[in-house]
Amino acid sequence: MNSILKVSSLCFMLAIMGFSSSAGAVDVTVAGSTTVQPLAELLAEGYESFTDGITIIVQGGGSSVGVKSAADGTADIGMASREVKNSEFEEHPALIVHTIARDGIAIVIHPGSGVSSLSLEQVRGIFSGEITNWNEIGGENTPVIVVSREEGSGTRAAFEDMVMDDELICLGAILQPSNGAVRTTVSITPSSIAYLSFGYMDNSVGPVSIDGVAPTVANATGGSYPVVRPLNMITLGQPSEAAAGWLDFILGEDGQAIVVSEGYLPVN
Amino acid sequence: MTGKKRLESAVKYIFLFSALMSILIVVMIGIFTFREAIPAFREIGIIKLLTGTVWRPGQGQYGILAMIAGSGLVTLGAVVIGVPLALGCAIFLSEIAPPAVRSFVRPSIELLAGIPSVVYGLFGMVVIVPLVRNIDVPGNTGFGLLSASIVLAVMILPTISSVSEYAIRSVPKRFREGSLAMGATKWETMTKVILPGARSGIMSAIILGLGRALGETIAMIMVIGNSVIIPFAASDNPLSIFLSRARTLTGNIAVEINYATGLHESALFATGVVLFALIMIMNSSARMLIGRKKWEK
Chain U
1 MNSILKVSSL CFMLAIMGFS SSAGAVDVTV AGSTTVQPLA ELLAEGYESF TDGITIIVQG
61 GGSSVGVKSA ADGTADIGMA SREVKNSEFE EHPALIVHTI ARDGIAIVIH PGSGVSSLSL
121 EQVRGIFSGE ITNWNEIGGE NTPVIVVSRE EGSGTRAAFE DMVMDDELIC LGAILQPSNG
181 AVRTTVSITP SSIAYLSFGY MDNSVGPVSI DGVAPTVANA TGGSYPVVRP LNMITLGQPS
241 EAAAGWLDFI LGEDGQAIVV SEGYLPVN
Chain R
1 MTGKKRLESA VKYIFLFSAL MSILIVVMIG IFTFREAIPA FREIGIIKLL TGTVWRPGQG
61 QYGILAMIAG SGLVTLGAVV IGVPLALGCA IFLSEIAPPA VRSFVRPSIE LLAGIPSVVY
121 GLFGMVVIVP LVRNIDVPGN TGFGLLSASI VLAVMILPTI SSVSEYAIRS VPKRFREGSL
181 AMGATKWETM TKVILPGARS GIMSAIILGL GRALGETIAM IMVIGNSVII PFAASDNPLS
241 IFLSRARTLT GNIAVEINYA TGLHESALFA TGVVLFALIM IMNSSARMLI GRKKWEK
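Line order of the protein sequences matches chains U and R.
Each residue of the first sequence is one higher than the one before, starting from 1 at the first, in the numbering used here.
Each residue of the second sequence is one higher than the one before, starting from 1 at the first, in the numbering used here.
Calculated directly from the structure, the hints in this document are not laboratory data.
Positions of the beta carbon are idealized from the N, C-alpha and C atoms, including for glycine.
Rough simulated footprint, nothing fancy, chain U against chain R, three-plus residues with beta-carbon under 8 Å:
{"id": "1", "stretch": "53 to 59"}
{"id": "2", "stretch": "121 to 134"}
{"id": "3", "stretch": "139 to 153"}
{"id": "4", "stretch": "218 to 225"}
{"id": "5", "stretch": "258 to 267"}
Turn these sequences into a full structure, and let the hints guide you.
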């Protein structure tokens, strides 16, 4: 599915470049996390409508691709929905991280599974495969079906970072390659549990509170909801003038208003 | 040389060029995939890669045995479900159906081949997976080999049925007439004369279907669960192994390649090399099995 997306976004990009070539060259190229991508596209549109004659092109690819393309210069700005890893900093010490928004990761279950709140400890136990039956955590006597993202996903990396400590996600988990597919899987699979970006939550899945704190934007902004990750823009050294202009816009009032309207948390 | 002759030789070379091009492309893909896979073969080791049961790229563990088992079992399942169905279609179309019915049924079957695989996947995910979940076996989620095999069986049906139908039709008419004239029933003629006569064509139809099944990716990702585990039977019935989740070789590449770097990326190319080898082994052993048509001796 991702490769289809990639090809079509490439075609789309080529088409845009064809159209805009008369208006001027591309000023800023952005690539990386598919979680940040839709937000970045809106932020690019917003900035372009404020500023004449600037063109920003946003591509997907995933968080690791985002860090890599910023580091090797294939993109002016890389997007990552997780922290930059130590190993990545060691390889490219000049990387600069600009946090543009934050995103909560919610634990969701198939609606009506009977459990409404879990501790972080219990969530860790479920995803590592130690807790295998809902009756161990106050639910019915049915096996827990763990749904997860694939290895390399920024959402998975952030979840592992903040929830799993050094435990590993069990190999028996159903893996789906996108937030959307995870949501569908949970919505049609009784007794399933997964983690999902706040931006993808809807009525088809049931939210689980962590230690009694519901996964809402308000709780995450207030700091009481614990599983919140940064959405980052990454540059190699100081950004170019055009890129810096866009980043200033994002961190300014108008940019942060777009961030909030998309269901993400502002940086300040 | 006259103009006509020159044209003839030009056309000859154009066709030769097309033939060479397709060989070149296969060789290039092979070389490129293999070259990218070399670091994985060197650092992980072929034996460890092929027999390792744990796939955790983040922890540096790269074993693809679970994926080989997954691909093998899902293909087996698809063949068991799909081949009888496809052969039934082929026999119906070539031997039984009156022309009016045939002109309606055949395009419908061919239409199946035109449906994009992501649509099959979606259908499988929202229709077949919930149905399969009704089978009462512990841990059965509906996502797994059985759902994937059913989806795959439908996907390979048009290929197998149309190639088999062609093979059945190309059995000389005199065989059929001779058999019926000797007093054999229609059923006897079918099973003892026509199907054996079309054997090699039907075998190649099945091989074509197998190739399609092994290579299918998107639809599989959506219904098989993608867990990296060696499929196991969860109840006393050994058939419940088909309710187990699994991951296919193709799915392994497609799910992770977007994010993969370094050794992880190379290991995914190595997965591709294994897939390549499997398909080549299958095709060439099929070629040996098929043999020549009997009446051509």
